[in-house]
Structure formats: C-alpha cells, structure tokens
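With the hints as constraints, model all of the structure from the sequences given.
As they're listed, the protein sequences go chains G and E.
Heads up: the first sequence begins at 1 in the numbering used here, then just goes up one per residue.
Heads up: the second sequence begins at 1 in the numbering used here, then just goes up one per residue.
Please keep in mind that the hints were generated in silico from the structure rather than gathered at the bench.
Heads up, some of the hints might be wrong.
To be verified - Under the rule of at most 25 Å between Cα atoms (straight-line distance), these lysine-lysine pairs were calculated in the BS3-like manner:
1. K103/E / K39/E
2. K54/G / K42/E
3. K103/E / K23/G
4. K63/G / K13/G
5. K63/G / K12/G
6. K42/E / K103/E
7. K63/G / K19/G
8. K42/E / K12/G
9. K12/G / K54/G
10. K42/E / K19/G
11. K12/G / K23/G
12. K19/G / K54/G
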Amino acid sequence: QVQLVQSGAEVKKPGASVKVSCKASGYTFSNYGIIWVRQAAGQGLEWMGWVNPKSGNTGYAQKFQGRVTMTRNTSIRTAYMELSSLRFEDTAVYYCARVDHASGGITDYWGQGTLVTVSS
Amino acid sequence: DVQMTQSPSSLSASVGDRVTITCRASQSISSYLNWYQQKPGKAPNLLIYSASNLQSGVPSRFSGSGSGTGFTLSISSLQPEDFATYYCQETYSVSWTFGQGTKVEI
Chain G
1 QVQLVQSGAE VKKPGASVKV SCKASGYTFS NYGIIWVRQA AGQGLEWMGW
51 VNPKSGNTGY AQKFQGRVTM TRNTSIRTAY MELSSLRFED TAVYYCARVD
101 HASGGITDYW GQGTLVTVSS
Chain E
1 DVQMTQSPSS LSASVGDRVT ITCRASQSIS SYLNWYQQKP GKAPNLLIYS
51 ASNLQSGVPS RFSGSGSGTG FTLSISSLQP EDFATYYCQE TYSVSWTFGQ
101 GTKVEI
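Here it is, written out as structure tokens:
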C-alpha cells in the first residue's frame, strides 16, 4: 500500500534551518510529484511547493522563495524539504503529499505530518 | 497568484442536512479544483478532484460542481463522521493556493 512516512518532530531556534524528510513506499517514486504543505496551529493549509522526483525540478510559492529548498534522493525513495532562517511564525505541522501532475493535481496520499517548533 | 475564497467560514448543521460550501477563484482556473476534508490532528483527505470527480473510496453523498471561477462542494445528507473542516485548492497556477477553510459543526 502507498505510504509516506515523515521524520519526527523538531525544535529549532530562530535563524536556524530544519530539514524534514518524507519516505515513500508502495508505488513508483519517480512517477509522482511530492508537494509540501504546512499548517500552523488552528490555521488553514498553506502550499509551499513541489519537487519532481524524476527530474529534480522544483516550484516554490513566492512566499518561501529563497528560504526553502526541496530535494529528493531516488535511491532511497525520499523527498526532503529544508526551510532556512526560521522565524517564530514558521512553527507549524509540515506535510508531504503525493501528487499526480498529469491528472491535474490529484493529491491522494499524505504523510502523517511533522511538527516543527521554532522557539528561543 | 490566484486567490481562493471559501464561504461560509463555518456553518452549523444537523445529521441528515444537505450542506453546500462555495469556493470562488480570483481568476478562471478551468476545472483545476480539489476539495479536501480534514479532521483535527489528521492530514487532509482528498474528496473531489478536477472540480467534480469523486476520489476513489469517498462516499457518493459528496459531490462537486463548477468551473471557471465558481465551485461548490455538496454533502447530500450529513453524517456524524462528516463534521470536519473542508478546503478547496486550485491546481491551475504555479502556486496551488488553498481556500481558508469551512468548518462544519453540529
């Protein structure tokens, strides 16, 4: 069965970086994109960007340009999202999800979420 | 960027009610619109893709319609497990913006 398993919770200081991983199983990793979405406590969903596991191409929301880097390692079927220059307002649950771009954006499987806390 | 506006932001309903949620895009997005359900502490769950297509495994009481700038998600007969927050998301632009969410409460 399709699964996306994310790395564990992180606590970081302001100005630091965090790297969250998303390990895929149960499907051909290179055939689907991976998107990253975050959600602050009690708030809505915020789309951060995507990575194409086959090509490594990425696309980021304007808000995160220059601070986010999305990568993948196809040999271990894992996608990564690194966010730098962390601020208090980056405290949120970060989700990865599988997306079929060819279908117009079917996003059908999600990771369990990773809580990133930015605290001094 | 495309802006997505949902209404209402919250609603109260009873089991068996028909519920309709609206999502409006700031520009035409054709039918590139997903609907998700999210329960507290859980990841979103895809209900509808491409505006009107029911995702596999989703009960048929959920339906979606619309194209261009106006879209609706309908639940024909609300069930206890449907009390949750619902989000629309456009997948037309380079940044796939979500609506702000609609909380469906008892």
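(message) Run the distance test for K63/G versus K12/G: straight-line Cα separation, threshold 25 Å.
(response) At roughly 20 Å apart (the allowed maximum being 25 Å), K12/G and K63/G satisfy the hint.
(message) Please verify whether K42/E and K12/G have alpha carbons no more than 25 Å apart.
(response) 23 Å, holds
(request) Verify the proposed pairing of K19/G with K54/G, using a straight-line Cα cut of 25 Å. (result) OK: K19/G and K54/G at ~20 Å, within 25 Å.
(message) Does K23/G sit within 25 Å of K12/G, going by the straight-line distance between their CA atoms?
(response) Status holds; Cα separation ~22 Å.
(message) Given the hinted pair K12/G and K54/G, is their Cα-Cα distance within 25 Å?
(response) Answer violated: K12/G to K54/G is near 31 Å, above 25 Å.
(request) Mind checking the alpha carbons of K63/G and K13/G for me, to see if they're no more than 25 Å apart? (result) Given pair K63/G, K13/G holds - Cα atoms ~21 Å apart, limit 25 Å.
(message) Hinted pair, alpha-carbon criterion (25 Å max): K103/E, K23/G. Please report holds or violated.
(response) 31 Å, violated
(request) For the pair supplied as a hint, K54/G and K42/E, confirm whether the alpha-carbon distance does not exceed 25 Å. (result) It is violated: about 28 Å lies between the C-alpha atoms, which goes past 25 Å.
(request) Verify the proposed pairing of K63/G with K19/G, using a straight-line Cα cut of 25 Å. (result) 18 Å, holds
(message) Run the distance test for K42/E versus K19/G: straight-line Cα separation, threshold 25 Å.
(response) Given that 25 Å is the threshold and the Cα spacing comes to 21 Å, the pair holds.
(message) Need the status of pair K42/E, K103/E: alpha-carbon distance at most 25 Å?
(response) Roughly 15 Å between the alpha carbons, so the hint for K42/E and K103/E holds.
(message) Hinted pair, alpha-carbon criterion (25 Å max): K103/E, K39/E. Please report holds or violated.
(response) Status holds; Cα separation ~10 Å.
In this structure, the earlier hints numbered 2, 3 and 9 are contradicted, and the remaining ones agree with it.
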